[in-house]
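Student: Sequence:
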Amino acid sequence: MLGVHEMTGSALRVANLQVRRDAAGRYCLNDLHQAAGGRERHSPNRFTRTNTFQLLVTELTPEMAFAPVDSIRGGIAPGTYVAKEMVYAYAMWISPRFHIEVIRAYDALVGADPGSKVRVPAADAALHRARMQAVTQLYRASHPAEQLALHAQATQLSLALDLPRPELPAAAVALQSSQKTLATFWLAVDTALAAGQLHNHARRADVLALNLPQVRQCAGRRGITLPESTALTGALRACARLLHVNRAYNSPATGRAIKCWVFAK
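Numbering-wise (the working numbering), the sequence shown opens with residue 0 and increments by one.
Honestly, the hints are just simulated from the structure, not real lab data.
Note that CB positions come from ideal geometry on N, CA and C, so glycine has one too.
If a hint is listed, it holds; no wrong ones were tucked in.
Simulated restraints on C-beta separations: (1) Arg-139 - Ala-194: 45 to 55 Å; (2) Trp-185 - Ile-102: 49 to 59 Å; (3) Arg-139 - Leu-192: 34 to 44 Å; (4) Thr-190 - Arg-96: 36 to 46 Å; (5) Arg-221 - Ser-176: 20 to 30 Å; (6) Tyr-105 - Ala-129: 24 to 34 Å; (7) Asn-44 - Tyr-105: 20 to 30 Å; (8) Val-172 - Pro-77: 27 to 37 Å; (9) Thr-232 - Ala-144: 13 to 23 Å; (10) Ala-23 - Met-91: 21 to 31 Å; (11) Phe-65 - Glu-227: 56 to 66 Å; (12) Ala-194 - Ala-129: 39 to 49 Å; (13) Thr-224 - Ala-144: 17 to 27 Å.
Turn these sequences into a full structure, and let the hints guide you.
Tutor: Below, the structure is given as structure tokens:
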């Protein structure tokens with residue numbers, strides 16, 4: 000199998016990430032994927048299934064001494080390695096902006112001193128590998144909480160390397176939004192209860208029975224904005240403290256029945 004030149008020699012760098020090359024001079028699409036932000040919809044596997052990619056393989060194969068694409072599985076440098084023309088096509092497939100970045104990176108490489116050597120410190124190389132692993136795990140994870148943790152790790156590594164942050168999966172975005180909504184809700188509840196503006200309609204000391212319209216009214220008085228009804232109730236249903244939804248309570252505070260969301264204290 001052809002070897003891979005990793006972290007040595009004249010190098011193509013995109014978004015501060017060095018793009019590896021194999022012994023045939025092909026470029027690693029996986030590195031370009033990371034440089035573009037590592038979004039799942041831009042993965043090399045998706046690109047290699049496109050009609051454009053297949054047509055490029057057909058056109059380039061007769062002209063080249065080596066195959067225009069090679070996939071390396073396992074080893075120290077797995078990935079999909081492609082000819083320069085396919086790098087341009089991949090970059091354009093991602094976005095015109097990234098296409099321009101790749102063109103400029105090539106221009107900088109060609110215009111550099113042929114005798115110069117670009118060497119990436121071993122510490123940076125380790126960070127790049129750790130970031131790639133974190134991004135890969137992020138998009139393979141199925142639980143939103145795990146996705147949030149991996150996204151935080153990948154973001155920290157991205158900032159350390161001055162690379163784009165990976166995109167947060169939709170499920171994790173929803174969880175993050177829900178957590179923010181819950182934090183705002185409890186801020187409104189706690190401040191209103193402390194000020195004596197909000198009633199706890201429960202008779203038991205270990206629960207909170209809250210009327211949502213009253214919570215929203217108190218929040219508005221304090222300049223706290225709660226999301227619209229569906230978003231708020233959706234977040235509340237996911238709250239670990241929730242006991243009952245819209246349960247009628249004979250309130251000791253008002254002396255009448257009122258519908259409440261009931262939470263453990």
